[in-house]
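Participant: Next come the chains, spelled out residue by residue.
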Amino acid sequence: MRSEIIFIIAGMALVTFATRYSCVALFRQTGMPDWLERWLKHIPPAILTALIVPALVMPTGQIDISLNNHYLLAGLVAALAAYKTRNIVTTLTLGLGTMLALRFWG
Amino acid sequence: MLTKKTVAESNYTLEKLDFWQGVISSGPILLGIIPFGITCGVMGLTAGLTPLETVMMSFLVFAGASQFIAITMLGAGITGWSVIVFTTLLVNLRHMLMGASLAQYMVKLSTYRQALLSFLLTDEAYAVTISRIYQQGYSAAHHFGVSISLYLTWALSTIVGVLVGSYIPDPLAWGLDFAMPATFLVLLLPQITDRISLVVCIAAGLIAVTGALYLPGKWYMIAATLGAVLIGGLMEGAKANAK
Chain A
1 MRSEIIFIIA
11 GMALVTFATR
21 YSCVALFRQT
31 GMPDWLERWL
41 KHIPPAILTA
51 LIVPALVMPT
61 GQIDISLNNH
71 YLLAGLVAAL
81 AAYKTRNIVT
91 TLTLGLGTML
101 ALRFWG
Chain B
1 MLTKKTVAES
11 NYTLEKLDFW
21 QGVISSGPIL
31 LGIIPFGITC
41 GVMGLTAGLT
51 PLETVMMSFL
61 VFAGASQFIA
71 ITMLGAGITG
81 WSVIVFTTLL
91 VNLRHMLMGA
101 SLAQYMVKLS
111 TYRQALLSFL
121 LTDEAYAVTI
131 SRIYQQGYSA
141 AHHFGVSISL
151 YLTWALSTIV
161 GVLVGSYIPD
171 PLAWGLDFAM
181 PATFLVLLLP
191 QITDRISLVV
201 CIAAGLIAVT
211 GALYLPGKWY
221 MIAATLGAVL
231 IGGLMEGAKA
241 NAK
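Line by line, the protein sequences give chains A and B.
Just so we're aligned, residue 1 is where the first sequence starts under our numbering, counting upward by one.
Just so we're aligned, residue 1 is where the second sequence starts under our numbering, counting upward by one.
FYI, nobody ran anything at the bench for these hints, they're computed from the structure.
A hint or two may mislead.
To be verified - Within a straight-line C-alpha distance of at most 25 Å, the following computed DMTMM-like cross-link-like pairs (lysine to aspartate or glutamate) qualify:
{"no.": "1", "chain 1": "B", "residue 1": "K108", "chain 2": "B", "residue 2": "E124"}
{"no.": "2", "chain 1": "B", "residue 1": "K108", "chain 2": "A", "residue 2": "D34"}
{"no.": "3", "chain 1": "B", "residue 1": "K239", "chain 2": "A", "residue 2": "D34"}
{"no.": "4", "chain 1": "A", "residue 1": "K41", "chain 2": "B", "residue 2": "E15"}
{"no.": "5", "chain 1": "A", "residue 1": "K41", "chain 2": "B", "residue 2": "D18"}
{"no.": "6", "chain 1": "B", "residue 1": "K108", "chain 2": "B", "residue 2": "D194"}
{"no.": "7", "chain 1": "B", "residue 1": "K108", "chain 2": "B", "residue 2": "E236"}
{"no.": "8", "chain 1": "B", "residue 1": "K16", "chain 2": "B", "residue 2": "D194"}
{"no.": "9", "chain 1": "B", "residue 1": "K243", "chain 2": "B", "residue 2": "D123"}
{"no.": "10", "chain 1": "B", "residue 1": "K16", "chain 2": "B", "residue 2": "D123"}
{"no.": "11", "chain 1": "A", "residue 1": "K41", "chain 2": "B", "residue 2": "E9"}
{"no.": "12", "chain 1": "B", "residue 1": "K239", "chain 2": "B", "residue 2": "D194"}
{"no.": "13", "chain 1": "A", "residue 1": "K41", "chain 2": "B", "residue 2": "E236"}
{"no.": "14", "chain 1": "A", "residue 1": "K84", "chain 2": "B", "residue 2": "E124"}
{"no.": "15", "chain 1": "A", "residue 1": "K84", "chain 2": "B", "residue 2": "E236"}
{"no.": "16", "chain 1": "B", "residue 1": "K243", "chain 2": "A", "residue 2": "E4"}
{"no.": "17", "chain 1": "A", "residue 1": "K84", "chain 2": "B", "residue 2": "D194"}
{"no.": "18", "chain 1": "B", "residue 1": "K108", "chain 2": "B", "residue 2": "D123"}
{"no.": "19", "chain 1": "B", "residue 1": "K243", "chain 2": "B", "residue 2": "D194"}
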């Protein structure tokens with residue numbers, strides 16, 4: 001165990017707990033104010049999109065919209081599966097299946 | 001007539017039943033957690049973390065998305081404490097909303113139980129717990145049953161990933177890292193419910209790609225999140241004013 005990694009894990013654990021506990025401690029009497037909810041409710045879709053799009057469109061760090069980009073092709077299959085089924089196992093199976101097929105036979 | 005002792009015993013039996021109902025109702029989600037946790041273990045090793053560091057992160061942080069981001073950053077050579085911890089904070093800010101919505105039900109619990117259930121709070125635990133509240137009302141035992149089974153499954157599948165990962169020379173060459181965006185897609189799509197959330201996602205995607213090209217490290221995520229949230233909040237405000 002390297003000390004800088006221990007500090008990073010401890011910091012992550014601390015701020016994660018802080019986000020999970022702070023509102024339980026703060027809003028347990030009053031409930032979340034509407035004006036705050038209006039801003040915070042967009043964070044999950046924004047973060048998820050910011051994770052997905054670069055991973056699929058620029059897997060090597062450069063924008064690659066072509067048939068050579070296996071991440072983009074498998075991503076389209078996974079997006080369709082996720083949209084149709086909303087099921088994580090089906091989506092992972094079809095998406096990873098496409099990815100492995102492209103890797104070995106593409 | 002019930003004595004104090006039999007009342008206590010029947011409460012205990014009820015709590016045990018609620019606990020196991022919670023464990024069972026988390027079952028379908030566990031199926032999705034296991035491959036995710038295994039991937040987390042594999043990716044930790046691939047990014048250059050030791051098996052112990054990878055598993056410790058799952059036990060102490062217990063936040064899938066931010067663990068993946070932190071591991072990805074470490075793998076890319078970004079070891080700045082503040083960047084990783086601040087990104088973790090931003091990624092997990094959504095838990096404040098879930099905590100706020102559960103807070104009114106948890107008010108009667110002891111501080112220790114509140115803290116424990118908060119430590120174990122995840123998107124999945126929140127989803128199962130809130131649907132139980134709508135159906136049968138709140139039960140701390142049920143809440144704990146859901147949360148602890150998700151926690152143990154996440155931690156154990158990370159251990160499995162660490163063990164299996166050491167037998168795979170380079171899991172990323174297989175494209176296994178693709179499991180991450182694929183999983184996020186399943187989490188994201190149900191959240192796109194109206195025009196505003198669609199605009200938020202499009203804005204986040206555009207800012208993320210532009211930021212990834214021109215910003216250092218993983219700061220594109222923070223830029224995309226803050227930018228998209230600002231647009232979404234302003235659109236909500238315009239909609240509220242128009243009414």
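Participant: Are the Cα positions of K84 of chain A and E236 of chain B separated by 25 Å at most?
Facilitator: violated, 28 Å
Participant: Please work out if K108 of chain B and E124 of chain B have their alpha carbons no farther apart than 25 Å.
Facilitator: Since the Cα atoms of K108 of chain B and E124 of chain B sit roughly 23 Å apart, the hinted pair holds (cutoff 25 Å).
Participant: Verify the proposed pairing of K108 of chain B with D194 of chain B, using a straight-line Cα cut of 25 Å.
Facilitator: Distance ~36 Å between K108 of chain B and D194 of chain B Cα, so the pair is violated.
Participant: With a cut-off of 25 Å on the C-alpha distance, tell me whether K243 of chain B and D123 of chain B pass.
Facilitator: violated, 32 Å
Participant: Are the Cα atoms of K41 of chain A and E236 of chain B separated by 25 Å or less?
Facilitator: holds, 11 Å
Participant: Measure nothing beyond the straight line between the CA atoms of K41 of chain A and E9 of chain B; if it is 25 Å or shorter, mark the hint as holding.
Facilitator: It is violated: about 42 Å lies between the C-alpha atoms, which goes past 25 Å.
Participant: For the pair supplied as a hint, K108 of chain B and D34 of chain A, is the alpha-carbon distance within the 25 Å limit?
Facilitator: OK: K108 of chain B and D34 of chain A at ~24 Å, within 25 Å.
Participant: Are K84 of chain A and D194 of chain B close enough, with their CA atoms no more than 25 Å apart?
Facilitator: Distance ~18 Å between K84 of chain A and D194 of chain B Cα, so the pair holds.
Participant: Does K108 of chain B pair with D123 of chain B here, judged by a C-alpha cut-off of 25 Å?
Facilitator: holds, 23 Å
Participant: Compare the distance between the alpha carbons of K16 of chain B and D123 of chain B with 25 Å, and conclude whether the hinted pair is satisfied.
Facilitator: holds, 24 Å
Participant: Hey, K84 of chain A versus E124 of chain B, does the alpha-carbon distance stay inside 25 Å?
Facilitator: holds, 20 Å
Participant: Between the alpha carbons of K16 of chain B and D194 of chain B, is the straight-line distance 25 Å or under?
Facilitator: Violated - the C-alpha atoms of D194 of chain B and K16 of chain B are around 41 Å apart, more than 25 Å.
In the structure shown, a violation is registered for the earlier hints numbered 4, 5, 6, 7, 8, 9, 11, 15 and 16, in ascending order.
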